[in-house]
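Following the hints, complete the assembly by docking chain B onto the known chain A.
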Amino acid sequence: MKIYFNSIFYPINQALRPVIVKITALGDRCDQQIKQMQRLGRTIALALPLAMLLLCAGPIAAAQAQEAVLTPRQVTEYALTLEKLEADFYRRAVTAAQSGGLSGVPQAAKDIIVSYGQDEAQHVADLSAVLPSLGGNPDMVVIPTNPNYAAILGRDPFANPADFLLVGQYVEDLGVAAYKGQVQNLLAAGEAGKTVLAAALEIHSVEARHAAGVRFLRQTLLGADVRPWISENARTKQNASSVEVIYNENRMGSPIPFSSDAFDGYATQSEVLALVGPILTEAPQTSQPRPQTPSNQGGSTENNAPRALW
Amino acid sequence: MKQHRSLSASRRGLIKWGLLGFGGLMIAALPKAVSAQSSGRTITFSADDVGILNFALLLEELEAAFYAAAVDSGQISDSMELEYVQVLGAQEAAHVTFLRSVLGDQVLFETADLSFNSSGLNAVLSDRSTILNTAVTLEDLGVHAYNGAGPSLTNPTFILAAGSIVSVEARHAGGVRALLGRSTTQPDSDRLVSDDDLVASLNPFKGQAYDELYTPGQVVAIVGSLGILNNPINGALVA
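First to last, the sequence lines map onto chains A and B. Take 0 as the starting number for the first sequence in numbering that gives the first Met the number 0 and just add one per residue. Take 0 as the starting number for the second sequence in numbering that gives the first Met the number 0 and just add one per residue.
Isolated chain A, as found in the complex:
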């Protein structure tokens, strides 16, 4: 079993290594994480439990009672990982558009996608420039050559505007929650964390503007029942085609009323990496529709949708 994990899921293991060290407690917590994971939908229900097993079975898992405090360097490396993924995600959308794939989308919307991609690329460049001063090396923060974005919906997200914008919403909302999940760590670092805290805040709200923009496009172009803000008691549990956010937006037990539409939730690093882990694997090298694999078969008829609407 272990050999299987190490060979097939080596990239996940690598991506989650910091998490394995930091992951908190067994039992309830893993149950909670598995519940969250189920909110992603059945289509990736096979990939995630494996990642979760890695998380929950980490040798040091039981050693710590709660999520570890990340250093400013660790936060920066983590943020840079997510930004590299986001920048790559938009680059692929632009490539799809250039090859005619975005033909059903108004030019104004294409311009927005290009602009968001530029923002993410700017975040990558600037976080990369800051990292050495924290003792890190931006070149050591790597993502796969071909991230497995199909893991999110169980199908290629660049095949049609509806899928692309839905995944864009998931990605941007998760980015907002991920940055928010680090502000307390950066505050705890005191003076040493001030620069990265300021940087994180400067980026965090821009990701929220992106999320709002993508949501607006879904509402106005696609007629989706979504608004720039996350709705009250947002759907996080149903199948992937109707989930509004993929992380635990309506966190209970806090004095902050996260389930209210006036308050955005947050996600911890381990929660985010559990969601992103399947994407941080090398995608199969095919330009054609991929053969069905166990990891994208669970979702019933979704895979039968036309692949090229634009």
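Bear in mind the hints are in silico, worked out from the structure with no lab data behind them. One should not assume that every hint holds.
Unchecked claim - Between beta-carbon pairs, the in silico distance windows are:
#: 1; chain 1: A; residue 1: Arg234; chain 2: B; residue 2: Gly103; range: 31 to 39 Å
#: 2; chain 1: B; residue 1: Ser78; chain 2: A; residue 2: Ala128; range: 40 to 48 Å
#: 3; chain 1: B; residue 1: Ser76; chain 2: A; residue 2: Val113; range: 31 to 39 Å
#: 4; chain 1: A; residue 1: Arg234; chain 2: B; residue 2: Pro155; range: 28 to 36 Å
#: 5; chain 1: B; residue 1: Gln85; chain 2: A; residue 2: Pro283; range: 42 to 50 Å
#: 6; chain 1: B; residue 1: Asp187; chain 2: A; residue 2: Gly252; range: 39 to 47 Å
#: 7; chain 1: A; residue 1: Ala107; chain 2: B; residue 2: Asp187; range: 14 to 22 Å
#: 8; chain 1: A; residue 1: Asn232; chain 2: B; residue 2: Pro155; range: 40 to 48 Å
#: 9; chain 1: A; residue 1: Glu231; chain 2: B; residue 2: Ser78; range: 13 to 21 Å
Note that the structure is predicted; figures quoted are calculated from it, not measured. Every residue gets a Cβ at the ideal spot worked out from N, C-alpha and C, and that includes glycine.
Chain B only, in chain A's frame:
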């Protein structure tokens, strides 16, 4: 620690507050906004967590009153735009309720203590375009103000709460900008504080890909330029 005691107020309690509070707040803010001519009493903000939360409360009150007046103006007729303005107003009112709950007896002013300048308010309510563009200014300002407050907060729950609110303000800014066909992010030409005036230590990055951190003093200057609020503002926080 009063704020700690207040913070532990149950979520159920906060929600109940919110449900009961929204209507009252909207009604309470509105007549004041259109009738008050006096300068109102001075509000003095201390340079600590309590001062920062009270300052955030002031901005939320301003936004909530603005949206209530915008709805009442009858200038927003498109159903989608009206829904946005109504929801944004309700969310700002929820922020007001939350901050008042968190501050408890350390709140510096009541809604009724605020005095809005009726001619200034009428000017920004004159038509649909002015209303929506003013909303953009207020929301952008709120984003930069919360961002600027972040590194000065000391209580970890407060910074998480500020983070929970600021991204909603950014969604508002993005949403209203989108209604207007404006960029959802803020182009340099829309910047409310110029590069030269930004505090370098607070702003490692600048430009459209970032929402820069404004100081409370810079925020007060921009609020003043809108000509909506009569109350004089001072104190160490905004010095």
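Verification of the hints:
1. A:Arg234 - B:Gly103: 31 to 39 Å: With a Cβ separation near 34 Å, Arg234 of chain A and Gly103 of chain B satisfy 31 to 39 Å, so the hint holds.
2. B:Ser78 - A:Ala128: 40 to 48 Å: Check passed, 46 Å falls within 40 to 48 Å.
3. B:Ser76 - A:Val113: 31 to 39 Å: holds, 33 Å
4. A:Arg234 - B:Pro155: 28 to 36 Å: Holds - the Cβ-Cβ distance for Arg234 of chain A and Pro155 of chain B, about 29 Å, lies within 28 to 36 Å.
5. B:Gln85 - A:Pro283: 42 to 50 Å: holds, 48 Å
6. B:Asp187 - A:Gly252: 39 to 47 Å: holds, 42 Å
7. A:Ala107 - B:Asp187: 14 to 22 Å: holds, 20 Å
8. A:Asn232 - B:Pro155: 40 to 48 Å: With Cβ atoms ~26 Å apart, the hint is violated.
9. A:Glu231 - B:Ser78: 13 to 21 Å: holds, 20 Å
In the structure shown, a violation is registered for the earlier hint numbered 8 alone.
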